[in-house]
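Chains A and B, in that order, give the protein sequences.
0 is the number of the first residue of the first sequence in numbering that gives the first Met the number 0; add one for each residue after it.
0 is the number of the first residue of the second sequence in numbering that gives the first Met the number 0; add one for each residue after it.
Because the hints were derived from the structure by calculation, they are not lab data.
We treat Cβ as the ideally placed atom computed from N, Cα and C, and that holds for glycine.
Do not take every clue at face value.
Quick list of in silico lysine to aspartate or glutamate cross-link-like pairs, DMTMM-like style, CA-CA up to 25 Å [said to hold, decoys possible]:
#, chain 1, residue 1, chain 2, residue 2
1, A, K165, B, D176
2, A, K213, B, D176
3, B, K141, A, E401
4, A, K134, A, D461
5, A, K165, A, D191
6, B, K141, A, D66
7, B, K141, A, D63
8, A, K346, B, D57
To list a few chain B residues with every Cβ distance to chain A over 12 Å, as calculated [as the list claims (entries may be wrong)]:
#, residue
9, R43
10, R85
11, A95
12, A96
13, S102
14, V106
15, D107
16, V108
17, T109
18, G138
Residues from chain A that face chain B, not an exhaustive set, calculated with beta carbons under 8 Å [unchecked claim]:
#, residue
19, P51
20, L182
21, V184
22, T349
23, G351
24, R353
25, Y398
These are the residues of each chain, in order.
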Amino acid sequence: MNTDFDAIVVGSGISGGWAAKELAEKGLKTLVLERGRPIEHGKDYLGEHMAPWEIPYGGLPLRDLYDEDYSIQQKCYAFGETTRQFWNNDRENPYVYDAEKPFAWIRANVVGGRSLMWARQCYRWSDLDFEANQKDGYGVDWPIRYDDIAPWYGYVERFVGISGEKLGLSHLPDGDFQPPMDLNVVERHVADKLQEALDRVMTIGRVAVLTEPKDGRAVCHYCGPCHRGCSVGAYFSSLSSTLPAAEATGNYTLQANAVVESLEYDAADGRVAGVRVVDAETKERTFYTAKLVFLCASAIGSTQILMNSKTDTHPTGFANASDSLGRYLMDHTYAVGARGIIPGFEKYTTYGNRPNGFYIPRFRNLSDDEDLPFLRGYGYQGSASRMNWRTLGNVSPGYGAEYKEAILRPGPWSISFSGFGECLPNADNRMLLDDNKIDRFGIPQVKFDFAFGPNEAAIRADILEQAKIMLRAAGAVEISEYDGNAPGGLAIHEMGTARMGRDPHTSVLNGFNQAHAANNLFVTDGACMTSSSCVNPSITYMALTARAVDYAVTQLRDGQI
Amino acid sequence: MQRRELLKFGALMLGASVSPACSRAVLSAEDLHRDSDALGDVFRVVEVLSELILPATDTPGAIEAGVPNFVSNVVTGWYTDAERVRFMQGIATLQAASHASFSAGFVDVTIEQQRQLLDQAAREAGADTAASMQARSSGGEKPFFLMLRELVVLGYFTSEVGATQALSYNPVPGHYDGAYPVEQVGTHWSS
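The task is simple: from the sequences and hints, build the whole structure.
Following this line, the structure appears as structure tokens:
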């Protein structure tokens with residue numbers, strides 16, 4: 000097999016899929032290296048439309064198997080028998096897990112990566128986010144502003160297909176949207192009350208699920224659990240969208256089961272010469288070369304590769320002259336909020352399983368003069384639905400005909416507000432390699448040193464308080480708060496560890512996601528993030544990736560790379 | 000198959016034959032059972048209990064939905080040894096109470112007597128009234144009545160009969176309506 004390409008992309012998830020599509024469409028012979036096993040769109044979605052009675056043990060977790068092989072992945076809400084085939088086996092591919100200071104590394108192990116199981120929420124960042132570090136002094140300044148990325152948001156949104164409502168908010172810019180999905184009758188009621196009582200906005204989630212057909216992909220048929228896979232491609236994934244587009248160019252080669260061990264740096268040339276790959280099945284080693292290398296292996300995965308590419312001239316990992324590699328790891332607060340019952344809508348239910356919820360955009364610290372005990376802010380996601388037998392069956396007393404009747408009817412309307420809070424960049428929150436723990440490919444395992452800090456704690460407290468205030472304003476009863484103290488990583492918005500910045504002394508990448516250390520190396524996944532905003536990050540990775548490819552190919556053609 | 004499996008486990012609980020894999024269960028079980036009639040025909044007991052919990056009404060009952068097989072599968076194939084012991088202990092307690100009160104095994108007494116016995120188990124679990132349900136603390140070991148009821152409910156509503164006849168099953172709805180009249184569905188959606 001040919002081992003020399005114009006471009007190599009490491010990873011085939013959200014970011015890698017975009018890099019592959021853009022590079023291939025610009026005429027570069029592009030190799031995508033994916034450590035997971037190959038799967039085929041549609042054919043391999045084994046859990047799609049699986050009936051409840053086809054799922055073993057009614058969906059009870061297979062505890063022995065999960066504890067043995069999926070000790071981390073089973074913590075994710077989307078993990079189960081209908082999706083297990085997509086996830087990493089934590090026994091085969093472990094990292095150093097510290098139960099005392101946990102960090103949950105949620106990962107896929109198939110072509111398409113986590114784009115198959117992602118929650119599909121897409122929100123643009125604004126200058127409130129891009130200027131945050133500069134204003135309050137946490138982290139370094141972003142080397143870009145909203146104007147730099149805005150056209151690229153539009154560019155990727157038009158291809159992805161995002162349904163959503165335009166709001167005209169400067170801190171949550173509108174995108175190029177398909178028609179929005181609907182709030183249900185209770186959510187509409189709550190939205191009206193929040194507007195009226197608190198002047199706060201509740202909108203339908205901006206979601207990468209089609210409400211209009213697009214490029215051979217069908218509109219959503221509202222079966223519900225997207226993360227099992229969608230053979231008609233109603234939600235955006237690498238398998239439904241970017242990889243087929245790359246393939247259509249004739250310039251695309253996919254190598255699955257290809258674990259990238261490290262990069263080879265050509266010091267004389269000042270460039271990355273190629274990547275060292277281990278075949279996950281045969282353990283055979285291959286060296287691939289290319290003019291451009293894009294790391295899109297996920298925030299943790301890409302930095303693991305950089306750290307494992309240390310040389311005499313880069314003793315603490317490649318591209319780490321700034322000592323920021325591995326540092327400033329961030330994730331959003333997760334599973335913290337409140338719920339309540341909304342009475343008065345008992346004659347209504349819903350038809351169809353909407354793969355989306357509501358969104359309450361950030362309303363804290365929008366101006367500099369708010370006197371709050373924390374910096375930055377948070378948004379809420381959630382939905383209203385009628386309770387079903389899963390809840391009613393547990394809380395109802397007794398047994399028999401009356402009990403049965405009570406639990407098979409639609410229960411009260413319940414609504415939940417779950418807050419996603421911004422996480423400050425902190426040098427002490429980091430990932431490292433453990434040279435004493437080597438995986439089955441001979442690669443040092445990742446270990447984490449991460450904890451949410453006092454600012455995130457203050458944000459959590461405000462999330463709880465404001466959720467209750469909004470529930471009361473909406474007329475909710477039986478209000479209760481929840482905070483599972485989810486460890487970092489579980490929001491699956493892990494970011495940072497190879498941040499962008501203006502100064503090579505304090506950052507790994509420049510304003511085009513290009514490594515300060517080698518001008519033909521780009522990192523465009525979550526690793527590049529300089530701060531974390533409070534919105535779901537994937538659409539930003541997509542926009543940054545498309546922008547970086549455009550820059551890289553222009554530079555290549557101009558002889559600058 | 001399920002019936003045979005459950006009977007085999009019943010026998011194991013009595014310590015009749017011990018394999019190393021089941022030693023934990025049997026160690027605990029030895030203290031629980033005084034005589035070989037302690038458990039009776041466990042599968043038949045599960046059948047009666049399932050139908051008592053979710054009886055046939057204008058929708059099918061637990062037996063028609065295959066719930067006893069589901070319960071049996073979970074107890075024999077999914078439960079840990081400790082859970083299995085607690086479940087069998089619950090059956091044995093029920094049998095002992097039946098013999099003490101009505102001088103016959105659980106499956107042989109009248110349905111009214113079976114209800115009295117199950118009422119007692121529900122009371123002991125703090126699950127007999129709305130007030131007691133609210134007062135229950137969620138921590139600690141789950142009492143037998145709730146272990147059983149949870150399995151019966153899960154098995155029923157995830158069965159083909161339960162999902163399609165007691166609930167409304169529509170795997171490909173095609174569109175979304177966020178204000179749909181309940182009367183047009185009748186019950187609740189399967190999910």
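So, going through the hints one by one against the coordinates:
A C-alpha spacing of about 21 Å is found between K165 (chain A) and D176 (chain B), which places the hinted pair at or below 25 Å, so the restraint holds. Distance hint between K213 (chain A) and D176 (chain B) is fulfilled; the C-alpha atoms sit about 22 Å from each other, no more than 25 Å. Among the hinted pairs, K141 (chain B) with E401 (chain A) is consistent with the structure: their alpha-carbon atoms are about 23 Å apart, no more than 25 Å. Taken as a hint, the K134 (chain A) and D461 (chain A) pair is honoured in the structure, with Cα atoms around 22 Å apart against an allowance of 25 Å.
With a C-alpha separation of about 17 Å, the suggested pairing of K165 (chain A) with D191 (chain A) holds against the 25 Å cut-off. Taking the CA atoms of K141 (chain B) and D66 (chain A), the gap is near 21 Å; set against the 25 Å cutoff, the hint holds. Pair hint K141 (chain B) plus D63 (chain A) holds up; C-alpha atoms about 20 Å apart against a cutoff of 25 Å. The straight-line distance between the Cα atoms of K346 (chain A) and D57 (chain B) is roughly 21 Å, inside the 25 Å bound, and the hint therefore holds.
Every C-beta of chain A lies more than 12 Å from that of R43 (chain B), the closest at about 18 Å, which supports listing it as non-interface. Every beta carbon of chain A lies more than 12 Å from that of R85 (chain B), the smallest distance being close to 16 Å; the non-interface claim holds. The Cβ of A95 (chain B) lies farther than 12 Å from every Cβ of chain A, with a closest approach of about 20 Å, so its non-interface assignment holds. Every Cβ of chain A is farther than 12 Å from the Cβ of A96 (chain B); the closest lies at roughly 16 Å, confirming the non-interface assignment.
The Cβ of S102 (chain B) sits about 24 Å from the closest Cβ of chain A, beyond the 12 Å cut-off, so the non-interface label holds. Residue placement check: V106 (chain B) keeps its beta carbon more than 12 Å from all beta carbons of chain A (closest about 17 Å). Distance check for D107 (chain B) against chain A: the nearest CB is about 20 Å away, which clears 12 Å, and the non-interface claim stands. At roughly 17 Å from the closest C-beta of chain A, the C-beta of V108 (chain B) stays outside 12 Å, upholding its exclusion from the interface.
The claim that T109 (chain B) is not at the interface with chain A holds, since no C-beta of that chain comes within 12 Å of its own (minimum 15 Å). Listed as outside the interface, G138 (chain B) is consistent with that label: its C-beta sits roughly 15 Å from the nearest C-beta of chain A, beyond the 12 Å cut-off. Because the beta carbon of P51 (chain A) sits about 4 Å from the nearest beta carbon in chain B, less than 8 Å, this interface hint is met. Of the supplied interface hints, the one on L182 (chain A) holds, with its beta-carbon coming within about 6 Å of a beta-carbon of chain B, less than 8 Å.
With a cut of 8 Å, the hint placing V184 (chain A) at the interface with chain B holds, because the nearest CB-to-CB distance is about 4 Å. Given hint, T349 (chain A) at the interface with chain B, holds; its Cβ is 6 Å from that chain's nearest Cβ, closer than 8 Å. With 8 Å as the threshold, the beta carbon of G351 (chain A) comes within range of chain B, its nearest partner Cβ sitting at about 4 Å, so the hint holds. Evaluation of the R353 (chain A) hint against chain B yields a held restraint, the C-beta minimum of about 5 Å falling below 8 Å.
Using the Cβ-Cβ criterion of 8 Å, the hint placing Y398 (chain A) at the interface with chain B is satisfied: the shortest such distance is roughly 4 Å.
When held up to the earlier numbered hints, the structure conflicts with none and fits them all.
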